[in-house]
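**Student:** Chains A and B are the protein sequences, given in the same order.
Sequential numbering of the first sequence, starting at 1, is according to our numbering.
Sequential numbering of the second sequence, starting at 1, is according to our numbering.
Since the hints were made in silico from the structure, they are not lab data.
Keep in mind that a hint or two might mislead.
Stated by the list, open to error - Which residues of chain A face chain B? A partial, calculated answer using Cβ under 10 Å: (1) 44; (2) 72; (3) 75; (4) 99; (5) 100; (6) 103; (7) 197; (8) 279; (9) 292; (10) 295; (11) 301; (12) 315; (13) 332; (14) 336.
Unchecked claim - Where chain A lies over chain B, by a calculated footprint (3+ residues, C-beta under 8 Å): (15) 32 to 41; (16) 71 to 81; (17) 294 to 303.
Keep in mind the model is a prediction, meaning the values are calculated, not measured.
All C-beta atoms in this analysis are idealised placements derived from N, C-alpha and C, irrespective of residue type, glycine included.
Number of protein chains: 2
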Amino acid sequence: MFEFRIVAECPHTGARAGEFTTPHGVIRTPVFMPVGTLATVKAMSPRELEEINAQIILGNTYHLYLRPGPEILTEAGGLHEFMNWDKPILTDSGGFQVFSLAKLQKITDEHVVCRSHIDGSQLMMSPEWSMKMQGVLGSDIAMCFDQCVEFPTTRKKAEEAVRRTTLWAKRSREYFMSHNDTERQALFGIVQGSVYDDLRLRSAQEITALDFPGYAIGGLSVGESHEAMYHSLDVLSEVMPREKPRYLMGVGYPLNLVEGIARGIDMFDCVLPTRNGRNATVFTSEGRMNMRGAGYAHDFGPLDAECDCYTCRNFSRSYLRHLAMSGEILGARLFSWHNLRFTIRIAEQAREAIIAGRFPEFVREFTEKFHDDNAQA
Amino acid sequence: MFEFRIVAECPHTGARAGEFTTPHGVIRTPVFMPVGTLATVKAMSPRELEEINAQIILGNTYHLYLRPGPEILTEAGGLHEFMNWDKPILTDSGGFQVFSLAKLQKITDEHVVCRSHIDGSQLMMSPEWSMKMQGVLGSDIAMCFDQCVEFPTTRKKAEEAVRRTTLWAKRSREYFMSHNDTERQALFGIVQGSVYDDLRLRSAQEITALDFPGYAIGGLSVGESHEAMYHSLDVLSEVMPREKPRYLMGVGYPLNLVEGIARGIDMFDCVLPTRNGRNATVFTSEGRMNMRGAGYAHDFGPLDAECDCYTCRNFSRSYLRHLAMSGEILGARLFSWHNLRFTIRIAEQAREAIIAGRFPEFVREFTEKFHDDNAQA
Numbered sequence: 001m002f003e004f005r006i007v008a009e010c011p012h013t014g015a016r017a018g019e020f021t022t023p024h025g026v027i028r029t030p031v032f033m034p035v036g037t038l039a040t041v042k043a044m045s046p047r048e049l050e051e052i053n054a055q056i057i058l059g060n061t062y063h064l065y066l067r068p069g070p071e072i073l074t075e076a077g078g079l080h081e082f083m084n085w086d087k088p089i090l091t092d093s094g095g096f097q098v099f100s101l102a103k104l105q106k107i108t109d110e111h112v113v114c115r116s117h118i119d120g121s122q123l124m125m126s127p128e129w130s131m132k133m134q135g136v137l138g139s140d141i142a143m144c145f146d147q148c149v150e151f152p153t154t155r156k157k158a159e160e161a162v163r164r165t166t167l168w169a170k171r172s173r174e175y176f177m178s179h180n181d182t183e184r185q186a187l188f189g190i191v192q193g194s195v196y197d198d199l200r201l202r203s204a205q206e207i208t209a210l211d212f213p214g215y216a217i218g219g220l221s222v223g224e225s226h227e228a229m230y231h232s233l234d235v236l237s238e239v240m241p242r243e244k245p246r247y248l249m250g251v252g253y254p255l256n257l258v259e260g261i262a263r264g265i266d267m268f269d270c271v272l273p274t275r276n277g278r279n280a281t282v283f284t285s286e287g288r289m290n291m292r293g294a295g296y297a298h299d300f301g302p303l304d305a306e307c308d309c310y311t312c313r314n315f316s317r318s319y320l321r322h323l324a325m326s327g328e329i330l331g332a333r334l335f336s337w338h339n340l341r342f343t344i345r346i347a348e349q350a351r352e353a354i355i356a357g358r359f360p361e362f363v364r365e366f367t368e369k370f371h372d373d374n375a376q377a
Numbered sequence: 001m002f003e004f005r006i007v008a009e010c011p012h013t014g015a016r017a018g019e020f021t022t023p024h025g026v027i028r029t030p031v032f033m034p035v036g037t038l039a040t041v042k043a044m045s046p047r048e049l050e051e052i053n054a055q056i057i058l059g060n061t062y063h064l065y066l067r068p069g070p071e072i073l074t075e076a077g078g079l080h081e082f083m084n085w086d087k088p089i090l091t092d093s094g095g096f097q098v099f100s101l102a103k104l105q106k107i108t109d110e111h112v113v114c115r116s117h118i119d120g121s122q123l124m125m126s127p128e129w130s131m132k133m134q135g136v137l138g139s140d141i142a143m144c145f146d147q148c149v150e151f152p153t154t155r156k157k158a159e160e161a162v163r164r165t166t167l168w169a170k171r172s173r174e175y176f177m178s179h180n181d182t183e184r185q186a187l188f189g190i191v192q193g194s195v196y197d198d199l200r201l202r203s204a205q206e207i208t209a210l211d212f213p214g215y216a217i218g219g220l221s222v223g224e225s226h227e228a229m230y231h232s233l234d235v236l237s238e239v240m241p242r243e244k245p246r247y248l249m250g251v252g253y254p255l256n257l258v259e260g261i262a263r264g265i266d267m268f269d270c271v272l273p274t275r276n277g278r279n280a281t282v283f284t285s286e287g288r289m290n291m292r293g294a295g296y297a298h299d300f301g302p303l304d305a306e307c308d309c310y311t312c313r314n315f316s317r318s319y320l321r322h323l324a325m326s327g328e329i330l331g332a333r334l335f336s337w338h339n340l341r342f343t344i345r346i347a348e349q350a351r352e353a354i355i356a357g358r359f360p361e362f363v364r365e366f367t368e369k370f371h372d373d374n375a376q377a
């Protein structure tokens with residue numbers, strides 16, 4: 001269980017194709033993981049997720065702690081049962097939401113005190129709290145409770161977060177090993193350090209020294225430039241263990257996905273495909289499109305002629321624009337559906353290219369075709 | 001084409017099972033028709049509609065005239081092509097929206113002038129306008145342009161609407177026969193008359209004298225009591241031609257459906273299943289439930305143990321309540337899905353019972369089990 005096997009490597013880049021074994025099935029990497037914050041990947045049904053070949057989805061520990069809460073999730077027998085999803089699930093630790101969503105009140109080495117973004121009630125979060133809740137959720141992959149810092153930040157704050165992330169990783173691991181079901185759940189470490197190379201290296205060394213079955217890179221895709229992100233990945237690729245899966249948190253923008261894979265990343269997650277989808281913004285092999293554009297009113301071609309998803313095989317741009325303009329739920333569905341399938345397919349195509357020994361060609365073809373005037377957005 | 005064949009009749013009630021042949025397939029009656037106002041049955045995909053055995057859906061001429069408009073619908077080749085639905089479609093005439101939604105400015109025998117509920121722009125609607133637009137839509141069944149009155153209304157206003165509805169039915173028929181594709185589209189007449197028996201009879205006589213391939217009863221389910229509705233149906237059952245399909249407009253409440261079938265109605269439509277679904281209200285074999293109720297938080301049984309729909313076969317009430325409380329799109333989807341399947345299944349079960357000669361037992365069992373404290377709502 002939780003074995004990571006490298007199937008093929010690109011001789012020209014850091015890209016690799018692998019298989020990670022979990023209690024709910026084997027994950028073929030590189031892989032994009034749709035985000036199912038509140039026990040649902042927004043606008044999608046579980047069987048649609050299977051249809052687009054979602055191999056693993058995310059759950060958010062902070063959100064699920066607030067709604068429906070640990071009591072109901074325990075009664076349900078965990079998140080898989082609750083939401084009717086029998087493939088792998090990864091849960092985050094709740095650490096990220098402390099900084100992005102909840103009202104932070106106090107942070108010490110001991111714990112974090114914040115207020116719920118739903119009803120303002122007080123929460124006390126800690127490594128132990130997170131491991132316990134992730135145990136209730138019963139995810140295949142749990143994440144260490146970490147401290148993420150905003151971008152830009154000072155070196156001092158970034159260094160403090162690295163120190164605390166290591167401290168909390170130790171406490172996460174300790175609690176997890178003695179309380180969680182280690183046969184059914186793996187705990188991944190998280191590397192922080194903002195855009196400071198030496199802090200990234202220090203964090204990677206401290207976290208990998210704790211020997212986790214997989215490692216995530218946190219604190220990227222929070223506002224830094226694409227170049228800064230790629231540079232950090234380059235720095236880390238030297239020190240992240242080759243034999244363990246590497247997970248770049250919060251990344252799902254198509255070009256970042258391709259560049260991340262080229263730098264040895266195996267796993268990605270992001271709300272971008274579904275959030276953009278609900279806003280009628282789609283990604284296709286040719287780039288980004290906002291489907292409210294008047295230019296699509298008389299366009300009876302498919303969204304993306306190269307895509308194999310339900311949306312692209314059945315509906316015209318004209319119809320999809322009409323749904324967007326009318327605020328119809330079916331629009332949010334069809335755009336989310338396409339965006340997820342498109343993003344998952346990038347990882348699938350990258351994997352095929354790595355195995356076939358033509359990954360650099362794949363990257364070149366993809367990036368030459370994909371146009372986006374808002375590439376930094 | 002457009003042949004109505006009666007397959008079986010209940011010897012104890014007015015109920016009958018039939019088959020109506022259209023260019024897009026045979027409709028087995030009694031039938032419930034989901035409403036697809038803006039070229040989408042809200043929250044449902046076409047393939048989900050096929051899965052729940054929706055045999056025919058509705059489109060709203062007024063809404064589709066405003067969005068996406070006749071130009072785009074013409075380019076698309078009609079509504080079937082535009083929305084990717086290849087089974088039968090019935091379009092209403094736009095007359096009902098004049099009174100329910102648009103801001104009515106002036107009504108004469110010549111035409112109706114009103115303002116769009118979207119942008120306030122002026123529209124001029126008439127029998128000819130409606131026939132032309134329904135020709136663009138290319139529905140299998142078009143409806144005469146009629147005048148619906150609110151409830152309660154005066155006898156004078158109801159009589160005026162009956163007179164005008166007959167006048168407009170003649171003009172609808174005249175335009176339709178010389179401009180529309182009568183091989184591919186049938187025009188149904190509409191009987192008005194509010195709750196006045198003599199006006200209902202007069203309207204039925206005047207409309208049926210025009211010889212349409214099917215007849216609808218309009219102006220019911222607009223606020224009158226269930227008993228008043230049933231009484232009007234009883235009065236009309238004597239004079240509506242037995243050999244033509246009868247369509248009760250705007251009715252989809254489960255008990256009304258069963259009682260309507262017992263009074264010889266063959267076709268029904270209503271937004272109730274989808275509108276209620278988006279509001280987390282569901283109908284089951286036991287009655288009406290609001291899924292936000294705290295009592296469902298720890299209920300891990302299915303929504304309706306007797307239902308064969310995706311929602312009932314895959315998710316618990318606890319999970320569905322969580323989706324409702326969290327405002328998730330998947331909740332709106334799963335509730336709409338179930339409500340539609342439940343309503344369609346009532347018509348299917350009624351048909352089976354009629355054919356098997358046990359329709360009165362079906363009615364008794366259904367009404368005894370179905371409980372609803374808000375039965376008049």
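**Student:** All hints are to be evaluated individually against the structure, with a verdict given for each.
**Tutor:** So, going through the hints one by one against the coordinates:
1. Hint status for residue 44 of chain A: holds, given a least beta-carbon distance of 7 Å to chain B, under 10 Å.
2. Against a cut-off of 10 Å between C-beta atoms, the interface hint on residue 72 of chain A holds, since the closest Cβ of chain B lies about 6 Å away.
3. Against a cut-off of 10 Å between C-beta atoms, the interface hint on residue 75 of chain A holds, since the closest Cβ of chain B lies about 6 Å away.
4. A least Cβ separation of about 22 Å between residue 99 of chain A and chain B goes past the 10 Å threshold, and the interface hint is therefore violated.
5. For residue 100 of chain A, the interface hint is violated, since its Cβ never comes within 10 Å of a Cβ in chain B; the closest pair sits about 18 Å apart.
6. At a threshold of 10 Å, the smallest CB-CB gap from residue 103 of chain A to chain B is about 20 Å, leaving the interface hint violated.
7. Given the 10 Å rule on beta carbons, the hint for residue 197 of chain A is violated: about 41 Å separates it from the nearest Cβ of chain B.
8. Given the 10 Å rule on beta carbons, the hint for residue 279 of chain A is violated: about 13 Å separates it from the nearest Cβ of chain B.
9. With a least beta-carbon distance of about 13 Å to chain B, the hint placing residue 292 of chain A at the interface is violated under the 10 Å criterion.
10. For residue 295 of chain A, the suggested interface contact is broken, since its CB lies about 13 Å from the closest CB of chain B, more than 10 Å.
11. For residue 301 of chain A, the interface hint is violated, since its Cβ never comes within 10 Å of a Cβ in chain B; the closest pair sits about 12 Å apart.
12. For residue 315 of chain A, the interface hint holds, the least distance from its beta-carbon to any beta-carbon of chain B being 6 Å, beneath 10 Å.
13. Look at residue 332 of chain A: its Cβ gets to within about 6 Å of chain B, closer than 10 Å, so that hint holds up.
14. Checking residue 336 of chain A against chain B by beta carbon gives a least distance of about 9 Å; that is within 10 Å, so the hint holds.
15. Under a criterion of three residues with beta carbons nearer than 8 Å to beta carbons of chain A, the stated coverage of the region 32 to 41 of chain B is upheld, 3 such residues being counted.
16. For the region 71 to 81 of chain B, the assignment as covered by chain A holds, since 3 residues bring a beta-carbon within under 8 Å of that chain's beta-carbons and 3 suffice.
17. Coverage of the region 294 to 303 of chain B by chain A holds in this model, with 3 residues showing a Cβ closer than 8 Å to a Cβ of that chain against a need of three.
This entry does not satisfy hints 4, 5, 6, 7, 8, 9, 10 and 11, going by the numbered hints stated previously.
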